[in-house]
Structures are given as structure tokens and as C-alpha cells.
Amino acid sequence: MNVLEMIEKEQKRSDIPGFKTGDTVKVYVRIIEGEKRRIQAFEGIVIRKRKGNSRSSFTVRKVSYGIGVERTFPLHSPVIDRIELVSRGQVCRSRLYYLRALRGKKARIKEKASARLSS
Amino acid sequence: MSKGIIGKKLGMTQVFADDGSAVGVTAIEVEPSVVLQVKTREKEGYAAIQLGYGRTKQKNMTKPLQGHCNKANKGFFRFRREFAIGEGTYEPGQEISADLFKAGEYIDVVGISKGKGFQGVVKRHGFGGGRATHGSMFHRAPGSIGASADPSRVFKGMKMGGQMGNARKTVQNLLVWQVRSDRNLILLKGPVPGCKNGFVLLKKAKKING
Numbered sequence: 001m002n003v004l005e006m007i008e009k010e011q012k013r014s015d016i017p018g019f020k021t022g023d024t025v026k027v028y029v030r031i032i033e034g035e036k037r038r039i040q041a042f043e044g045i046v047i048r049k050r051k052g053n054s055r056s057s058f059t060v061r062k063v064s065y066g067i068g069v070e071r072t073f074p075l076h077s078p079v080i081d082r083i084e085l086v087s088r089g090q091v092c093r094s095r096l097y098y099l100r101a102l103r104g105k106k107a108r109i110k111e112k113a114s115a116r117l118s119s
Numbered sequence: 001m002s003k004g005i006i007g008k009k010l011g012m013t014q015v016f017a018d019d020g021s022a023v024g025v026t027a028i029e030v031e032p033s034v035v036l037q038v039k040t041r042e043k044e045g046y047a048a049i050q051l052g053y054g055r056t057k058q059k060n061m062t063k064p065l066q067g068h069c070n071k072a073n074k075g076f077f078r079f080r081r082e083f084a085i086g087e088g089t090y091e092p093g094q095e096i097s098a099d100l101f102k103a104g105e106y107i108d109v110v111g112i113s114k115g116k117g118f119q120g121v122v123k124r125h126g127f128g129g130g131r132a133t134h135g136s137m138f139h140r141a142p143g144s145i146g147a148s149a150d151p152s153r154v155f156k157g158m159k160m161g162g163q164m165g166n167a168r169k170t171v172q173n174l175l176v177w178q179v180r181s182d183r184n185l186i187l188l189k190g191p192v193p194g195c196k197n198g199f200v201l202l203k204k205a206k207k208i209n210g
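Protein chains in written order, with my numbering: chain U, 1 to 119; chain W, 1 to 210.
A couple of the hints might just be wrong.
Under the rule of at most 30 Å between Cα atoms (straight-line distance), these lysine-lysine pairs were calculated in the DSS-like manner [to be verified]:
1) K51(U) x K74(W)
2) K9(U) x K49(U)
3) K36(U) x K112(U)
4) K204(W) x K71(W)
5) K36(U) x K43(W)
6) K196(W) x K74(W)
7) K9(U) x K114(W)
8) K43(W) x K49(U)
9) K12(U) x K102(W)
10) K102(W) x K196(W)
11) K71(W) x K156(W)
12) K203(W) x K9(U)
13) K12(U) x K51(U)
14) K9(U) x K39(W)
15) K36(U) x K51(U)
16) K102(W) x K49(U)
17) K57(W) x K9(U)
18) K189(W) x K51(U)
19) K156(W) x K43(W)
20) K9(U) x K71(W)
21) K51(U) x K207(W)
22) K114(W) x K71(W)
23) K12(U) x K189(W)
24) K156(W) x K196(W)
25) K196(W) x K12(U)
26) K123(W) x K71(W)
27) K123(W) x K156(W)
28) K196(W) x K51(U)
29) K8(W) x K12(U)
30) K9(U) x K102(W)
I should point out that these hints are in silico values taken from the structure, not numbers from a laboratory.
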């Protein structure tokens, strides 16, 4: 096998759930504040997923106190404690950049009827 | 004591550090280099070892080089480079593998940079260039290259267009990120001059290690 592929494969995590753009996820991020370590959750809609072996990343958007906040995480980053899939969304795009221009009720995403989660 | 090895640049990728930050690393393959010749202060006047890298067929080498490689009796090598060492215990035929270096060490890397051909001053020296529109007739030209009657010449070293790249370049103080002796791999933090599958020399860092 290609050596570079091998190196990247070793970096990959197997505990990442399969989610798509449009899904709502809760990302638990490990944070180090001085000496203290804690875990912070970031919940929002996945507006982008970028492929690329261990270099793949995804962007989560949420609206916090009326201000849109986006965070991009490397998918296999050790900073991520775990990712929780909250709900699956029904979208017709792979990149949901149009959400940035929308506010309030228009910025909602329809939940996928076929794959409603049991939890 | 100084030390060195010959390797092949495989390309770059990304690994995660312990703190979660992503680090760009260059993978270098060092299939064991073979000591072809040991030069000593008594015989040649200076202490060095000659390493061979890149196995090739016997018929592709000239007779004198065949004889030279035969002394080590470990095959035939396309690339032979000398490394200055202090007085060390090396013997012809000895193999030097990736574990010559350890993770956390700093090394210098020598390679042949990618050739860019004849380039102007904007690309080659980072000149700003002129305005593109509004009747500007000064786009990517270098501008003035000096005064007139005094000194009546162009100073040496004036930055001008010319061949860019395809030159021997040294990058100093690269951190050895990881060494995998089972696969003869060395991962270096940061980029290394040259193209993929290009040959590079890895040496102990000159400035950090003194």
C-alpha cells in the first residue's frame, strides 16, 4: 500500500458516527483551560463535509443568541471526545451555505421522515 | 559526531499531535543506505563515509563504479554521497537504517528544489509589480536597477529574472516527528525541497547540535 495512505489510515478514528450534511449533531470537544480539562458540547447543523482520508473535516453551524456561529472540526481530530447524532435532515445540497443568509423559521431543515432516530 | 543518511521524499501528509493540533509532515523513505567507502584522516586527509542509495543493475554502471561498489559487496547504487563524520566506527558494507535518527531530534535536509524555469522578478524575488489597468504600462517589470553615470554599472547581486529552482537547497532544523524502522520511514515536521521521489540527504542539524 501507498505509504502516505498508510500513515493517514492510522490517524483515522473508527468511533465516528456516519452523519451527512443537513444532520444535526452534537460535538463534544475536549478543552484545556490552564490545568483543567473539560468537555464542551457544540450542537448545530452540519453544513459541509470535506472528504480526504484522515484530513477530512466538517463544519457545524448554530445560531447562538442571534449570531450565527460556525466551527470546522477535523473529522478524526483527537480534540473531539465524541459525536452524537441528534437528528437526520432532509436536504437537497451537499453544501448548505444558503443557511447563512437565512434567519429564524426559514433557516430550519426538514427532518428525514424515513430515518427518524429512535432516541 | 556528525551523522547522515540518504533518503527519498515520498510526499507530505498530516498527522495529529497529542494536543490535537494537525501537523504537516514529510515522509522520507530510507531503505538502508550502505557504506561504500570509509575515508580516514591518514589515507584521504579527512574523515568521511560514502553512502550508496538507490539500487540499480550492474549493467547500468560503468566498470570503475562497478568495482567501487563491489568493495562493499552489497549491490550497486545510483546515488553515492559523502558525509563528513568525526572518527567513527564504520566499515564498508555496513548498512545504516532509519533508526540513525530518533524522534525529537533536529536535522538538516538537502534536496534539489523543483525547477521553475526562467522566471521574472515578481515570482522569483517577490517584487510587487505595477498596476494592471488604467493605462499603466508597467506590469511585471523590475524597475530601476541602479543609478546612471555614477556608478556606471549594475551592482553584483542585483535581483533580476533568471533560472528559478532546480538548485541544491538546504532546509535547517527540521524536527524528526517519528521514526519507523520497520518500514524504513522518517517523518519530518514541515516541507522538504524537491519533488516526490526526489533524493534528499538527511544530516544532523548543524546549528542546533553545534
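Against the structure, the hints come out as follows:
1. Between K51(U) and K74(W) the CA atoms are separated by roughly 44 Å; this puts the pair beyond 30 Å, and the hint is violated.
2. At most 30 Å may separate the alpha-carbon atoms for a hinted pair to count; K9(U) and K49(U) meet this at roughly 18 Å.
3. As the CA atoms of K36(U) and K112(U) are separated by approximately 39 Å, the hinted pair breaks the 30 Å bound.
4. Between K204(W) and K71(W) the CA atoms are separated by roughly 27 Å; this keeps the pair inside 30 Å, and the hint holds.
5. Between the alpha carbons of K36(U) and K43(W) the distance comes to roughly 62 Å, so the proposed pair goes past 30 Å and is violated.
6. At roughly 26 Å between alpha-carbon atoms, K196(W) and K74(W) fall within 30 Å of each other, so this suggested pair holds.
7. The straight-line distance between the Cα atoms of K9(U) and K114(W) is roughly 28 Å, inside the 30 Å bound, and the hint therefore holds.
8. For the given pair, K43(W) sits about 64 Å from K49(U) by alpha-carbon distance, which is inconsistent with the 30 Å threshold.
9. Proximity of K12(U) to K102(W) is assessed by CA-CA distance (about 24 Å); at most 30 Å being required, the pair is judged to hold.
10. Pair hint K102(W) plus K196(W) holds up; C-alpha atoms about 23 Å apart against a cutoff of 30 Å.
11. For the suggested pair K71(W) and K156(W), the alpha carbons sit about 47 Å apart, so the restraint of at most 30 Å is broken.
12. The straight-line distance between the Cα atoms of K203(W) and K9(U) is roughly 29 Å, inside the 30 Å bound, and the hint therefore holds.
13. Straight-line distance between C-alpha atoms of K12(U) and K51(U) comes to about 12 Å, which keeps the hinted pair within the 30 Å bound.
14. Annotation: proposed proximity of K9(U) to K39(W) is violated, straight-line Cα distance about 43 Å (limit 30 Å).
15. Between the alpha carbons of K36(U) and K51(U) the distance comes to roughly 33 Å, so the proposed pair goes past 30 Å and is violated.
16. Restraint check: the Cα-Cα separation between K102(W) and K49(U) comes to about 37 Å, which exceeds 30 Å; the hinted pair is violated.
17. For the given pair, K57(W) sits about 34 Å from K9(U) by alpha-carbon distance, which is inconsistent with the 30 Å threshold.
18. About 23 Å separates the Cα atoms of K189(W) and K51(U), which keeps this hinted pair within 30 Å; it holds.
19. Proximity of K156(W) to K43(W) is assessed by CA-CA distance (about 41 Å); at most 30 Å being required, the pair is judged violated.
20. At most 30 Å may separate the alpha-carbon atoms for a hinted pair to count; K9(U) and K71(W) exceed this at roughly 42 Å.
21. Our distance criterion of 30 Å between C-alpha atoms is broken by K51(U) and K207(W), whose separation comes to about 40 Å.
22. Restraint check for K114(W) and K71(W): not satisfied, since their Cα atoms lie roughly 34 Å apart, outside the 30 Å limit.
23. Of the pairs offered as hints, the one joining K12(U) and K189(W) holds, with about 19 Å between alpha carbons and a cut-off of 30 Å not exceeded.
24. For the proposed pair K156(W) and K196(W), the alpha carbon gap of about 35 Å is over 30 Å, so the pair is violated.
25. Straight-line distance between C-alpha atoms of K196(W) and K12(U) comes to about 24 Å, which keeps the hinted pair within the 30 Å bound.
26. A distance of roughly 47 Å separates the Cα atoms of K123(W) and K71(W); the hinted pair therefore is violated under the 30 Å criterion.
27. Of the pairs offered as hints, the one joining K123(W) and K156(W) holds, with about 20 Å between alpha carbons and a cut-off of 30 Å not exceeded.
28. About 23 Å separates the Cα atoms of K196(W) and K51(U), which keeps this hinted pair within 30 Å; it holds.
29. Of the pairs offered as hints, the one joining K8(W) and K12(U) holds, with about 25 Å between alpha carbons and a cut-off of 30 Å not exceeded.
30. Restraint check for K9(U) and K102(W): satisfied, since their Cα atoms lie roughly 23 Å apart, inside the 30 Å limit.
Consistency note: the structure conflicts with the earlier hints numbered 1, 3, 5, 8, 11, 14, 15, 16, 17, 19, 20, 21, 22, 24 and 26.
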